[in-house]
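S.K.: Here's the letter readout for the chains.
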Amino acid sequence: MSVATGEQSNSLFKPERGLFHARRRIAVYLSVGLTTIFAGAAILFLSYFVFYVAREGIQYINLDFFTQEPPLSNSGGGGIVTALEGSLVMLVIASIIGIPLGMAVGIYLAEFGRGRLADVVRFLVDTLTGLPTIVFGLFIWVLIVAPTRTFSGLAGGLALSIIMVPTVARATEEVLRLVPGSLREASIALGGTESRTILRVVVPAARSGIITGMLLALARVAGETAPLLMTSLGNNFFIPVDQLNITNTPLDAVPLRIFIFTLSPFPVQQHQAFAAALILLVLVIVTSLLVRLATGGFKERGR
Amino acid sequence: MATTPVSTTTARKQTSASWLERLRIQARRPGDFLFRGGIYLFVAIVLIAVAGIAWVLVERSWLSITTNGWSFLTNDAFDPNNNTYGVLPAIFGTLVTSAFALLLAAPIGIGTAIFLVDFSPRRLRAPLAFLVDAIAAIPSVVIGLWGLFVFAPWMQVTGGPWLQQHLGFLPFFQGTPRGVGLLTAGLILTVMILPILTAIAREVMLVVPVSQREALLALGATRWEVIRHAVLPFAQVGIAGGAILALGRALGETIAVTMVIGNQATKLSPSLFDTGYSLSSVIVNQFGEATPGIFQSAVLEAGLILLILTLITNILARLLIARMGSQRRYKGPVGRGRFGGVVDITRRPGE
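Protein chains in written order, with my numbering: chain G, 357 to 659; chain F, 2 to 352.
Please keep in mind that the hints were generated in silico from the structure rather than gathered at the bench. Each residue gets a CB set at the ideal place from its N, CA and C atoms; glycine is no exception.
Facing chain G, from chain F, some residues (calculated, C-beta under 8 Å):
(1) Ile-136
(2) Ile-256
(3) Pro-293
Just need the whole structure built from these sequences, with the hints factored in.
M.R.: This is the structure in structure tokens:
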């Protein structure tokens with residue numbers, strides 16, 4: 357690597373010979389080589405993984421896969437329309453509850469929050485991001501599902517909404533902090549009140565960043581399985597939208613469907629799990645790619 | 002009112018006014034009052050929900066805590082039929098797989114971060130960092146799917162026997178490779194925590210002041226010596242924080258681990274080929290049949306233990322990373338070289 361050899365030429369030392377300098381040079385080669393191998397391995401794994409899932413899954417993706425109920429036996433055919441419907445319903449519920457709560461916490465942390473309480477809230481939000489999501493599923497299960505003895509889409513949506521809150525909150529806080537103070541000062545100088553300043557000036561200025569945060573949060577919960585297993589369970593049958601009751605019917609979801617297919621004894625369904633996984637994978641990776649492009653994340657950050 | 006830098010000072014002065022007085026001033030502008038009230042209400046809801054999660058888990062598992070006592074932690078079997086509940090194999094499985102994953106992922110993650118910060122061609126840095134991050138975006142169930150149908154069979158036929166042949170003298174690789182088991186779960190976890198470890202190590206290494214690097218380069222240090230003596234000592238606290246955060250992820254990982262850990266309790270042994278349980282896999286496997294009463298309570302106690310474990314690791318990690326954040330300013334010489342903390346590059350052999 358040219359990086360490694362560059363230093364040698366402008367050295368103040370005489371031509372480098374001897375054990376000491378040999379060791380230094382070997383250390384450079386060794387470190388460059390090893391770290392390159394590590395980074396290469398990580399990226400190689402990702403490409404292999406995406407390629408493998410795509411190769412296994414793509415042959416099962418057709419129109420039926422998006423419009424039919426899951427196959428009940430080894431017959432093949434069928435699809436995951438139930439899972440798509442359920443995922444959509446639960447993500448909407450989760451967004452309706454989780455996004456306002458998360459945004460409010462973000463606004464609080466960026467605009468009002470000072471002192472001990474703000475530190476506590478920030479710390480809690482940070483900690484919440486790292487907790488295993490199954491804990492939230494367990495919470496909803498014991499509070500709602502177990503007493504009523506019905507798994508439901510609402511319970512699933514609630515569990516997902518708790519998971520969304522910290523992601524949305526931190527994203528909102530971060531982008532609101534990037535809005536220049538002069539914008540707020542200008543609004544106040546024009547007679548704007550606090551609420552108007554925040555709602556009409558600061559939040560709109562940070563709009564794209566906040567939307568980005570929401571997308572990330574949605575992409576994250578779209579792949580959650582464990583909390584949904586305990587709250588919405590899964591469902592083999594498609595429920596027409598007009599007959600859908602979110603409070604008493606178990607709903608399917610794409611990650612849940614993958615898990616159920618995995619436990620299936622039929623090879624066809626196991627392969628369909630890869631097809632569903634491919635859909636999820638593409639969705640999640642494309643979202644994070646878009647987010648990265650939108651936030652200009654591919655520019656080299658100065659250091 | 003303390004919205005902006007402008008009004009900050011006025012807000013400070015007002016703290017002398019009574020609480021009621023401030024409320025009265027705010028009430029003159031009902032819009033602001035409502036807005037602030039709404040925000041505080043939402044924040045309160047979130048705080049109550051968090052407290053509620055902890056409280057519900059403690060309260061609902063109290064029956065199991067009082068009935069089973071310490072035997073819950075030391076008992077081998079989680080067996081509702083015989084009314085005995087214990088999670089020793091689950092705690093063992095959780096800790097062993099997570100520790101294994103951390104030990105393996107830490108050097109790889111730090112190495113990848115070093116490459117991304119220092120060695121990678123400038124133009125490739127951000128795209129490569131994105132690709133590593135993208136591994137974190139793979140849903141757990143998709144990793145588990147691959148783990149169960151591709152990786153576990155490979156481990157049974159190729160990986161396991163190879164380890165046994167070459168490292169079989171170690172107590173970790175005794176017994177029969179079964180495919181699923183602690184080793185497979187640990188390796189899957191390694192992949193899953195690698196991105197977060199890399200991301201945080203990279204972040205803290207980017208925070209190291211340029212002057213630190215330049216100083217060592219000016220002394221004639223090689224690229225590696227700069228990393229070894231200026232970057233790593235400066236970043237080690239943050240890297241440790243990232244490692245602990247990654248450990249927390251590994252401890253709580255559910256679906257992928259459940260799919261490949263085997264879910265069969267064996268006698269506790271150092272062999273990683275054994276199948277086992279993790280705390281989260283016990284919950285996933287048992288909650289379906291859990292009848293109200295002691296059974297349900299025992300499942301929740303497993304969740305409570307998981308919560309406490311991950312809470313401790315997360316708080317520890319956040320404290321370490323926060324310390325790193327406040328460390329940005331230059332605080333004297335770094336490194337542990339021979340002279341005054343800066344490594345002595347000029348020393349020639351024999352001098």
